[in-house]
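Colleague: Chain residues, written in single-letter form:
There are 4 protein chains.
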Amino acid sequence: MLVVMKRGASQTEIDAVVARIEEFGITPVPLPGAERMAIGTFGSTSRAAAEAVESLPGVAEVVPVSRPFKLASREVIPEDTVVHVGPVPLGGASALAVIAGPCSIESRDQILATARAVRAAGATALRGGAFKPRSSPYTFRGLGVDGLELLAEARAETGLAIVTEVLTPGDVDAVARTADCLQIGARNMQNYALLDAVGEQPKPVLLKRGMSATIEEFLLSAEYMLARGNRNVILCERGIRTFEKYTRNTFDVSALPLLKRLTHLPVLADPSHGTGKWYLVAPVGLSAVAAGADGLLIEVHPSPDHALSDGFQSLTFENFAALMSKVAAVASAVGRCVGGPIRA
Amino acid sequence: MLVVMKRGASQTEIDAVVARIEEFGITPVPLPGAERMAIGTFGSTSRAAAEAVESLPGVAEVVPVSRPFKLASREVIPEDTVVHVGPVPLGGASALAVIAGPCSIESRDQILATARAVRAAGATALRGGAFKPRSSPYTFRGLGVDGLELLAEARAETGLAIVTEVLTPGDVDAVARTADCLQIGARNMQNYALLDAVGEQPKPVLLKRGMSATIEEFLLSAEYMLARGNRNVILCERGIRTFEKYTRNTFDVSALPLLKRLTHLPVLADPSHGTGKWYLVAPVGLSAVAAGADGLLIEVHPSPDHALSDGFQSLTFENFAALMSKVAAVASAVGRCVGGPIRA
Amino acid sequence: MLVVMKRGASQTEIDAVVARIEEFGITPVPLPGAERMAIGTFGSTSRAAAEAVESLPGVAEVVPVSRPFKLASREVIPEDTVVHVGPVPLGGASALAVIAGPCSIESRDQILATARAVRAAGATALRGGAFKPRSSPYTFRGLGVDGLELLAEARAETGLAIVTEVLTPGDVDAVARTADCLQIGARNMQNYALLDAVGEQPKPVLLKRGMSATIEEFLLSAEYMLARGNRNVILCERGIRTFEKYTRNTFDVSALPLLKRLTHLPVLADPSHGTGKWYLVAPVGLSAVAAGADGLLIEVHPSPDHALSDGFQSLTFENFAALMSKVAAVASAVGRCVGGPIRA
Amino acid sequence: MLVVMKRGASQTEIDAVVARIEEFGITPVPLPGAERMAIGTFGSTSRAAAEAVESLPGVAEVVPVSRPFKLASREVIPEDTVVHVGPVPLGGASALAVIAGPCSIESRDQILATARAVRAAGATALRGGAFKPRSSPYTFRGLGVDGLELLAEARAETGLAIVTEVLTPGDVDAVARTADCLQIGARNMQNYALLDAVGEQPKPVLLKRGMSATIEEFLLSAEYMLARGNRNVILCERGIRTFEKYTRNTFDVSALPLLKRLTHLPVLADPSHGTGKWYLVAPVGLSAVAAGADGLLIEVHPSPDHALSDGFQSLTFENFAALMSKVAAVASAVGRCVGGPIRA
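Residue numbers (our numbering), protein chains in the order written: chain A, 1 to 344; chain B, 1 to 344; chain C, 1 to 344; chain D, 1 to 344.
Certain hints may be false.
Stated by the list, open to error - Straight line, CA to CA, 35 Å or less: simulated DSBU-like cross-link-like pairs of lysine-lysine:
no.	chain 1	residue 1	chain 2	residue 2
1	B	K6	B	K203
2	D	K326	D	K245
3	D	K70	B	K326
4	D	K6	C	K326
No lab work stands behind these hints, which were simulated from the structure alone.
Required output: the full structure, derived from the provided sequences and hints.
Modeller: In structure tokens form, the structure reads like this:
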């Protein structure tokens, strides 16, 4: 770490910082500048040491040098991690994965029709919410366990692996029994009890970036699961909250290449939540592919204007099929391909 | 709701919107404008109707008219709700409450010394974290159940009511057995399973605003607990995330009078998290009192530079006592007073 | 517009709103709802009327229906505007334009070498700052008029059209005499005196989005120039300010398709400022092409680590040439091509 | 500065950084850590050096240690600067200044009536816009020079010093001839040509914080004027742009004590623009006083619902008078007083 002293910090204050650093077993290195004193350190430092020093008199700022995430870091694990969602590989040199389906599972007909349609258009997995986080207590909250059964039926028929959200530690076992991949939603990115719970079971986890999470916080949440033993973590950018009002969120396209640089984990993009407008899903989805995403998460519904949730950001079957052919073209332009049929 | 059509929307598109609105049993009212057609409605509309219409061809925008929160709304319940945290009343014409204590409970000595000090300075309740949400899996995560016992001991000795955080539905019973008030942290503001769980038990709940939550989302999260039957909900502004880097968060002081206008629930301010710098806690705490807060939540630690968490935003006993006398002066200037001794 | 009354607004308050709307010559239409009264209007309304009504007693909210921009709107002018920067057409079905060059013109050698290199790699115009806006008064502020002459020399040699920034109305004439296109930087997006000045001369104007400008404000700034008579306006997304710290700005890729939908003006992308990191320029630039941008603005420098400004976001000649071949591939995947040689 | 190398940076890369630092005449100090190498420096460093090093291979990050503002810094000038606006002192131990008046000067009657009313209620100066920045080219843009004459007449009658905005360098002379203090609006905070122009004349300048300006950028803009020779600079917090939609801006109350700590310049608060809602002006204005502001800027209008601009955030005469008595009470609670009568 680097401790920057205030201009005019007294020698006594400087000495106290040096002494406090030494208490943590770290070697301080004074670095006098033209305007103020700074103190560097040799060797490993801890967050606790940084916080302790930060509140001492005369200290202007403490700058951490080590990154706080380890197992998620590409510096620690340079090779790409490939995660398998059912039979579908994600990350590294794998073909792009396209995980598509409705926001909420509403009925047997709806989920089966959607599964067939997205499979026909080339999707590699099926998404659908059985347990739905909704900002209002008065809106539809999902079919729950019945929804999981419908997902399993759709998988049996189409061979598509299934991805579905889990909201609370108490549901992890039930969801993990059925799903090929557990999704942690944006609102739960820092629900640490839930991260611990999914980190302690073996099914892959798709972690969505929180609405106002920094990249570092996002990677630290991944670190929670990695530290608990589950190395099958997939990251998903889904838009962040800004002042702009035309879109529901601002899709942070630069997060994709940045994450690919900082971490070895697979990185997906969700242009449906990332924009909140169905007519932006295709161009923003293609932009994500061009920027290096390992795959897409797309909301598709048989009849978006009758959807019980998120209709305004869902694609029709027709629009989804049109998008898939463009995805293949852009993927090819950047040296990737889209996942082919999943089973023989 | 008001449905705004695109300029140049066809009559067929307009007719389809009118027909879709009627399917929901609502009466549409066409409102031709100079540039485009809008369609208003008579009578009650639902979110489902709004979402259904939003994705129809030719629709530019759907503007909701009803507020989505009911039980939290001052329009529905005009009188101030007064919540009792142990013996301490919060809200309405009550004296200002000051809930003070360390970020984390670290040891018996630490929490007892702090309880005594904040009581002597005039605090009305004790806060302290037994279960700690931490963004890194490698930092101190609290003493857990042992911490709850230390809080109970501090209450027995000082008479201070205790407020402590609960992180997951599975811990609600244990925490509610000991605490006088359960805190839901900012990261869990939209952890709906947790909101349901605390909404189904009777102890008061202190709900912190999420880092990037709008006021409307904040009130909707309160609505979750109110809808489950717990009417003892306290709101707490604790800073929102912006681009500014000097402070940890941007304390949204205008949220205090705005919330007092929109809801009948008590509204507290947490200038410790709201700023993240101990030297800003006093001026920002006083600003909250001037703006109409019903009380303050303040981090206090016997030795901030040795704290295991949040040391840089904690006040020393001395600084806390100095703040308390200023709080009394500002409260008096705006026609309020600070809570007196809690027991005879 | 739609005037939403507060729940419990009195009949007297409603009557006053109705009367005030009528004062503006607009017809009010009462729309009683289940919870509250709303008042729609027939016919054209003005911003003044909306503001007048907003402060009346009992009014909760006024929702405008007309968009505030006219000449910039695709609803008013449906056909794509094609703007010519020197010989280079931008917008509509034109080939993608790539405007490349250094942040600042530093010397004759630097700008000439860069012009040759970007021309060889396929750029369609040269950018370079003669007048530089710098956040600190102590950093390099550009060569001024001497820089303009160097740009003219580079154009004479390479045939590349030149784009350069103007900072203040007093410099407009001098810059317009030399440049093929005047750039208005992000910090000046709402410098209305400057918008008026460039709007009153005929050279094309490249307007950058302000750091925290909404799409609507961006289009209103374009409207200033259009209203003054200059119809040759090009828009450029260059990243917005958010809480994320790894990148200098958050490149708002969804703004590209959104702008193409809302306006007929050409839309460029600047991934250099949009990310602030040279290693993100290529992936984010490609993402912009995939999302439908009409061209790119790229910072290129002979020796980025010796640049007097923005070195950390500039590409080397080699990296720029590598990007250009990828741009062509992605453009082709979305049915576009990149501008060919400019002169015979 | 501190140069942080990437984990696994090669010795060649480290040597290149060391050599490049030495080229700038600065002494590098290698600081090997547990995970990666960092390189500190002895002595004065420049921004140019930092930027040069940042783009070298193997460099992860460059952390500046010196603050980029000098003349604005309290570390350089520890004593409070007191600025006189006409006869009114601002800053240091001065009484609080309250600068009140309409957003725009609309007519002789309007400005004179307002001047009398705010004087009677205890205001210490009059504000009013003659040149108005408006986001739409179609809204009222002020009376221009005629407005300046009306301000002069109001001053002659009431003795109130006058503060008015200047938009462009060409108007600086005209405005400075009449006004006691020139205001630079939020949209022009980084209009450097304008900052230079007002920095070269002697009248005090009231600089508003840009909508998305960091505190550091705000102080750098002040530095522009200070560096040009004008030491009479007053800072004004007026709200920043966030995701919250209920308010027009988010008033950053913590900026007040933070600025008082970082700089010696006077710091005002504008709760009218800071909130955009007249009913929030009083509580947020009081919060600013409690947090240590040196004064307030308040929009007052004889008839807010007939104002040509900003009516929804303007106080009536009655509400302004009510606010003034509360301001006096809160000021007294924090050991300040409000400016008394200006002339004998």
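Colleague: Assess, step by step, whether the Cα of K326 (chain D) is no farther than 35 Å from the Cα of K245 (chain D), and give holds or violated.
Modeller: holds (28 Å)
Colleague: Within a Cα-Cα threshold of 35 Å, do K6 (chain B) and K203 (chain B) meet the stated pairing?
Modeller: This hinted pair is violated, its Cα atoms lying about 50 Å apart.
Colleague: For a C-alpha distance cap of 35 Å, please report whether K70 (chain D) and K326 (chain B) respect it.
Modeller: holds (33 Å)
Colleague: Holds or violated: are the alpha carbons of K6 (chain D) and K326 (chain C) at most 35 Å from each other?
Modeller: holds (28 Å)
This entry does not satisfy hint 1, going by the numbered hints stated previously; all others are met.
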